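Novice: What follows is the residue order along each chain.
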Amino acid sequence: MASESTLRASTRAEWIKFRSVRSSLMGVAVTVLLTVGLGVLITTLIRTHWSQFDALRVATFDPVSSSLRGSLFAQFAVGVIGSLFITSEYTSGSIRTTLTAVPNRLRLITSKSIVLFLTILILGEFVCFAAFLIGQRIYLGVVPTSSLENGTVLRSVILAGLYLTLLALFAFALGMILRHSAATISVYVSVLLIVPIIGLFFPQSWQNDFMRFEPSSLGISMESPFAPSNSFGAWSATLVLLAYVVATLALAFVLFQRRDAGTTQ
Amino acid sequence: MIKIDHLTKRYSDTLAVDDLDFEVKPGVVTGFLGPNGSGKSTTMRIILGLDHATKGHATVNGSRYAELRDPVRQVGALLDAKAIHPGRTARNHLRALAASNQIKKSRVDEVLDFVGISAVADKKVGTYSLGMSQRLGIAGALLGDPGVLLFDEPVNGLDPEGIKWIREFFRALANEGRTVFVSSHLMSEMAVSADEIIVIGRGRFITSGSVDDLTKNAEGTVLVRASDHDKLATVVASNHGVVHEANDDGLTIGGLTSDQIGRLAFDAGLAIFELTPQRASLEEVFMDLTAGAVEYGSHPRGPANG
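These protein sequences, in sequence, are chains P and Y. Using my numbering, the first residue of the first sequence is number 351, and each one after it goes up by one. Using my numbering, the first residue of the second sequence is number 107, and each one after it goes up by one.
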């Protein structure tokens, strides 16, 4: 009878909200298309041109990360999903209805984070495993292949899916801070694309130290069985990215707790 | 029952709510009246825990909003009917709302039916007219069958039939013993739909009471037709009366009773053709009360010639 609004209830509500708007469904479709579709395209191109590859390229060729390259494009799709999950509440004003139903702001953000984390984790793992398996199938017979029976290969594919998940949460946290869809997506894209370009203007020694902290570099580390040069290993990269996400979420929550939610613009 | 306790809200340099202190009782429709920008919406947002009070606090059923268990079951609110994700259907919007407060799914169909939008419940809210959005907002407010209801300018966007419906609906909610708190900037609307009225202006409390009390205490005027209006106006002015309006119908005089005016006219040798005391309308009372408290008023005298 006097059932308290639980985390379970608010999480169920957020799940209904997440799946009942087209932007989420579109984002999911685009993520599949980019990861699997581009994976097919890239691996097919490699297979076709394999005979023209020089000895160095053949020697350093990685069938795992090359089949997962599409995820580096899908990171923009999951970023849009993550940011819209919160910024659409501000642009529509529905954050007011949301908060009158769940006034405990920590519980609300936890619920939203759980929904986003689980959805994108399942989606990310699905597309990464699909891209990997289809890619190996395309390579078969011409290009060297890898198998999931190899522990480091399995780790790479799993971490590629986790990379997408963590980036979606990162975009979500940015959205909570900025409360504006276009601003959030701009900042998110800047962090992923423009920061590495700025890095190119630094001296080589700085680049070596600096660039590995950049999210896309962390992503490449996470999805590679062997650490690329001047990069973190897969687990260290995961921890660094996790630290970014936790720090951004913590800042976002502090602001969310302190700010008035009624006046949105 | 809503209690506002010395509530103050400051946004950077504007004082939106200034030491408001009042109670909203169950069983009656309480109107919350003030010009646009007077702090009504801010007060409602603070009651709902959306905005933080600078000083003082608001409680619902004795608790602050954030501490209520299953708030949708205790408080129903309609602040801004358009504040719903435009890409979601009405049914999904209400389902999420119900899920968050553990309200059974069947209740969603009940409230959709009650407000009369069942037929369009699976259409995206973005396609709704303002009137339909208002109805959806009301459905959301009723979802948890709450004892306390807040509506911010609910009449906006409704057609005459909808306005009639909503007045009767407020009355019915109050008769069931619920607390019904309705804001409006339209005195005429409050005069017909509210029992008790709280008037604010520029964030400050101005007055409160029943509709009857508010008009009773207000100064009435007297409409006079006499043989010489100019002369009568002079006589009235020299006896502390005020001529509010002078036209072909006669003079509208304040500050004097009809008896006093009759005697003054007699002394001045004027013939009286009509002498009608007029009770101030609620609209006039409101204009008088909030005259100094209109945030964005129009100025009758142009600024150029000032």
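Simulated from the structure, these hints should not be mistaken for lab results. Quick caveat, the model's predicted, so the values are computed rather than measured. The beta carbon of each residue, even a glycine, is placed where N, CA and C say it ideally should be. Incorrect hints may have been included.
Unchecked claim - Residues on chain Y that point at chain P, a partial pick, calculated with CB under 7 Å:
{"no.": "1", "residue": "T165"}
{"no.": "2", "residue": "D186"}
{"no.": "3", "residue": "A189"}
{"no.": "4", "residue": "R194"}
{"no.": "5", "residue": "A202"}
{"no.": "6", "residue": "A205"}
{"no.": "7", "residue": "E351"}
Said to hold, decoys possible - Chain Y regions said to be covered by chain P (calculated; three or more residues, Cβ under 8 Å):
{"no.": "8", "region": "155-164"}
{"no.": "9", "region": "282-296"}
Novice: Now tell me if each hint is right for this structure.
Specialist: Each hint, compared with the structure:
With its C-beta approaching chain P no nearer than about 13 Å, T165 (chain Y) sits outside the 7 Å limit, and its interface hint is violated. Interface hint status for D186 (chain Y): upheld, as the beta-carbon distance to the closest one in chain P is roughly 6 Å, under 7 Å. The beta carbon of A189 (chain Y) comes within 3 Å of a beta carbon in chain P, closer than 7 Å, and the hint placing it at the interface holds. Here the hint on R194 (chain Y) is kept, as its CB sits about 5 Å from the closest CB of chain P, short of 7 Å.
For A202 (chain Y), the interface hint holds, since its Cβ comes within 7 Å of a Cβ in chain P; the closest pair sits about 4 Å apart. Contact between A205 (chain Y) and chain P, as hinted, is supported at the beta carbon level, the nearest pair being about 4 Å apart and thus within 7 Å. About 41 Å separates the beta-carbon of E351 (chain Y) from the nearest beta-carbon of chain P, more than 7 Å, and the hint is not met. Evaluation of the coverage hint for the region 155-164 of chain Y: fulfilled, as 4 residues show C-beta separations to chain P shorter than 8 Å, against a requirement of three.
Check on the region 282-296 of chain Y: 0 of its residues sit with their Cβ under 8 Å from a Cβ of chain P, so the three-residue criterion for coverage is violated.
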